[in-house]
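> The primary structure of each chain is shown beneath.
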Amino acid sequence: MFLVDSLPLALLLPSLPAHQGETPPPPAVAWAYLIDGTTAEHSESAVLDVFCDSITRHGVLHFPASETQSEANSSAKQSAYAQLLESLCPDWQGVVEIVPRPGVTDTAGTVAARLLRTTGVEVRTAHSRRFWLIAGGDWQVQAEARAARYANPLLHQVRCYSAAEWLAATCSPDPSDTPRSPSPSAVPSRFVVEPVQSSPPTKVLSVSLEISPADLLALAKYGIAEPETKTRRGPLGLSPADLQAIAQHFQTLQRTPTDVELETLAQTWSEHCRHRIFAAPLQGAQTGFGTGGIFNDFIRGTTEEILHRNRDGVGGFVVSTFSDNAGAVALNDSWLICDKVETHNSPSALDPFGGALTGILGVNRDCLGFGLGATPIANRYGFFLPEPSDPRLLYRDSDRQAPLPAAEKIVEEVIRGVGFGGNCSGIPTPQGFVRFGAAYRGKPLVFCGTVGLLPRHLSDGRKAHEKSARCGDAIVMAGGRVGKDGIHGATFSSEALSAGSPATAVQLGDPFTQKKLADTLLNGLRPAGLYRSLTDNGAGGLSSSIGEMAQESNGAEVWLDKVPLKYAGLAPWEIWISEAQERMTLAVPQKHLAEVLALFAAHEVEATEIGVFTDSGQLRVQYQGQTIADLSLAFLHGGVPDKDLKLGVLPDLVGLPDAASGTATEPTAKAERTDPTVSLDTPSLATPSLEELTARLLGLLSHQAIASYRAVSTRYDHDVQATVFAKPLAGVGGVNALVTALRPVAEAPQAVALTQSCLPHYGSYKGTIDRAGMRAMAGLATESAVRQLVASGCALGRIALQDNFCWSRGEDSAMLTALLETATGLRSAALALNAPFISGKDSMFNEFSGFDEAGRSVAIEPPPTLLVSALGVLDDWRGFVSEEFKFAGDSLFLLGATCPYLARTHYGGLFHRSGKTFAPPSLDLAASESLLRLFAAATAAGEIASASAVGEGGVAVAVARAALAGALGASVAFDSYAGLSAVDLEAVLFAETGGRILCSVAPEKAESFKARLAAAQQETHPKESDSMARPLVWSEIGVVEAARQLTVSFAGGQSVLGLEALSAAYFGGLANTYKRENS
Amino acid sequence: MSRFHKSSPKVTVLAGFGLNGEDELERAFALAGGAPQRVLVTDFIAEAEAILAGTAIFALPGGFSFGDDTGGGNGLAQLLAAEARPALVDFVASGGLVLGICNGCQALVRMGLVGNPTAADDPELAIVENASGTYEARFVRLATPAQAVAGFWFAGADSYHLPIAHGEGRFIARSPQTAETLLASGLVALRYSDLSGMPAGGVHPANPNGSLLDIAAVSDASGQVLAMMPHPERALASALRPDWHRMAELARRQGEEPSATTTAGFIFDNAIRRAREVFSV
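Top line first, the protein sequences correspond to chains A and B.
The opening position of the first sequence corresponds to residue 0 in numbering that gives the first Met the number 0, with each subsequent residue numbered one higher.
The opening position of the second sequence corresponds to residue 0 in numbering that gives the first Met the number 0, with each subsequent residue numbered one higher.
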């Protein structure tokens, strides 16, 4: 056994040019590799050369004294080591070392082992560790700060050493060492690698369900008890009704279930895998179109209605919905595009980096596992994070032994995790957003999405979006090995975050392994048509992936002892449900098996035949010659009882929107008083002056929801693959674009445009969630996502949507009513705009219940949140319209009417200006549809120079953004604005009414555009019988100018803001939030 | 094996093991008239000599080989150095061209095949983490020093506007003397520059990573081996530049078709041209 300390130095050359803003060099970081292997003495330098270049990386080898070295040789090594450390960090006083806990993914160790083999070393294992050398008398304080920043107690042990302790621990054998060490007398304590704790004997348990109700509850909540120790294995997450259904099933079979069977059912029936709340018929639901549950009636039902109606040929555009790992649409006659967005909130709450990383890698695998495999071509992200300055220290347990990560660490690590995953995988990440709020201190919301490309047909003629395993096909597991990582992830994320949440639910992703897996699939196996089906091993691991695929052939038999393990000591149930990452399961015809295994081997990807698909109707698991699970597929997938859920009551702060149009009814005095616990901000009698209003624009531009997050965009590679032509930063000014676009196939003219909309702040007023708010949140998110795409050149009928719900207390009756209202809003907007939902996901338990520093209980929950992700296909990429102003002299138009509701806008929140109503921003879907159809025709005719959907922050922010992006000024006047009766400048500038577009038009195109608008205004009759066309409202509000300033004129007055001031507000707004990235 | 196929020089592009820019790199060489062939890293080292015998240009794309573990490009460099160094040296001696981009650049530097005035096996340069401590993906301005021995790669334009995407792109040298020698001997192939083409002077954002002497690319003494951190293969089409939408609108107003290509393509055109000159004899 020997050790390499390879020590990267940040700065060696004193002649380096002074660097602007350079901070003093941080404590020197070093890597240690603990290598268990054998080598000839003469190849020592070859070993060091693997890690060191003697310019920036230096190292030494340590051999345990008694094994290979003489005393003299050993002491020479020690002094060389001490000298090296001194040169690296003069006057070092101490060391903090971060040691991965046993079994935690260690990619650096794996790579080190692979590289050492090229030098002829016979490596058995290699482990990596990081340590920091710290100078200064306060080294212990610094060490703690390092540990807090880089270590997660769930994943790492932190060890601090004084300089003397370190040298002793590193260089001399420790006689007091525990007998865990392989050769205790020879190995210094620091070199000992702790083994993973073995599970209790690999015996399969038979678990009786004929037990007391209290025991049943404990079984569901804390899991199966080990017979000897009585410790519980972790949550099953099954309800008493579920366990009763299981008990009945096994009664008819006249046997008791095994632990493996119970775990399988728990995974398959989990909220995470089965979405049972969305599937449940809601009692008391007056939906008017059936009682089959939210998903059936409002989401899939809406999509089916839209596809059946087939306006604008949308039926031919949409190819696959709700039946696979992603939804898919047509790019052209040869190619399909799939899209999927997931959340990874609970894992990100425990380990922000690992959770976010596995979030993006997991949704990449959804893409790889769609149909017969799609190539990931773009990643999306959306983060709701705590404010980094949030000082609260929170714990999952009352003893305060299980802390949540600090707020600033969550912010930094979530952002880093998604970037690392995408960058390492060679997938551009153009589209995303970041928001902050105190409500995300318990659980952040981490949305990760992936867009994929696949041919319509494989070379053997099969449709690439369909797949089916056949009886006799080999079950092949490919990718990483199985460990204890991610056990009970699926069942855990189906519950609130608390002390009982299992730490094993945390996984660290390995993008390197996954990239090799993807390369083998997409460049080797798919083109040759070597498999019949595949899916991702995500939640529930093998139990879930094989359980799902078994439905295709109607049966499967698994040989669990063939599954390759990371280390010994896993119980069969652990192997079966482990969520160890980077694995896919394939159905391979026997005739291709050898070739498949050889292709994986060539890429150094481990692949193993672990069973066979059958047609027995059973999912059968064998282990060491014994059948340990034998479940009927009919029961596994069809036996789950409906949840018994009841709707509750939500306040009505205002009238509900008109069901047909989505327009909010005019607020009435009665409506305003419905909830006496909520009061409006006192409307100030004086309307703010023009100067005051324009100055407030600066405040709004630095608002967390509006200010630039450029620091994130530039950390995410968006140029790889050379496809993204509408980039995350729009124009020379680099404003965060609402819409990004790429050209997936170099030879084809079609483009894919991406956008997102998420407006949880409309759902409540001063913390009170109401029905109208829920509808508005959903209606406006759906409508604005579609409108953003149409503004950039897409047409209705070529847009597909995804819904991601993040709820809290998912079975609470009032929250279910909120869900129903949200679904209603979503359905109306999707129907009106002919935009079907093709996939989605829900995460129903995002509340945190824990303890503060004083041990008092704390509950934090994010507001109900719906993210709408939209994807549009443009027939010609050159038809894309970007947001930034293009040239001085262009005319500015504001299309669509404004409604003066400010209560729930960012402006209203920031300046306590609620106006006269609680109402959320209004939305007239019929008017929006008319406008979007007109606008799509105008962009197709090439009349539009720039366009953006007016949304958060209102018209003022839209104009400022387009000006900043184009590095051009603008002059706007609202005296003759037609969009609001009795013009109220405050409302015109800052209301967030739906259905509005800001655009600029070249002078030579202005006449034809105005003629188009005027013609549309005359059209009072619906074009089609089922269309609800409204007269169009529009105004020419100003002109783009070369002078770098924004001029607002109103009622004879004029106010001027320089572009520099706007820029300082917009780019400086979150500067402090992102400042730590550079430290 | 011929290095040609109907006058299209063969370009061997490495792939696999975490590399990820091979698609666009192959496209770039194909557009320039080359005949790219993709080879898995392990297949390459298994028979490097035979593969290079039929190759005119050997290209290492960007990416994250070995997940950047043990250092960016280190893993790839170790594999190539252990199995294919003599074959690569012979290949260059016979007139072959080598292009490493980003991760490929890191590997060539780590192997000491570029930026090494003494031509020993030990590297004189290293690439470390960006001075900012963060990964950055954006366009930068670049200029070729007049004395660059690798100048032929950039013939046709003095300056370039290309994207970078890296967290470890900061060149440092073994000693201050090394740095001076590099410039004097013309081994610095590209420098980060300001809008006027003057070196960035180490100042962010023009110099994105704090690189010594604003170095963005280095070559070997023959100029045939070029290692560059920026990504020309990602900027071939005008539409992929950040100012595209305004350019396109301007062209529309003038009744013209906007220019479809950029100077980034010169790098591949020049390489193919050189390969034809060298190997057609």
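In case anyone wonders, no lab produced these hints; they're calculated from the structure.
Note that the Cβ used here is the ideal one computed from N, Cα and C, for glycine as well.
Be aware that a few hints might be false.
Quick partial rundown of chain A residues pointing at chain B, CB under 8 Å, derived from the structure [to be verified]:
no.	residue
1	Thr55
2	Val110
3	Gly418
4	Asp518
5	Leu521
6	Ala601
7	Tyr715
8	Val719
9	Val731
10	Lys885
11	Phe910
12	Arg912
13	Ser1007
> Evaluate each hint against the coordinates.
These are the hints, each one checked on the structure:
no.	hint	verdict
1	Thr55	holds, 4 Å
2	Val110	holds, 4 Å
3	Gly418	holds, 7 Å
4	Asp518	holds, 6 Å
5	Leu521	violated, 11 Å
6	Ala601	holds, 6 Å
7	Tyr715	holds, 7 Å
8	Val719	holds, 6 Å
9	Val731	holds, 6 Å
10	Lys885	holds, 5 Å
11	Phe910	violated, 34 Å
12	Arg912	violated, 35 Å
13	Ser1007	violated, 14 Å
When each numbered hint is compared with the structure, violations occur for hints 5, 11, 12, 13.
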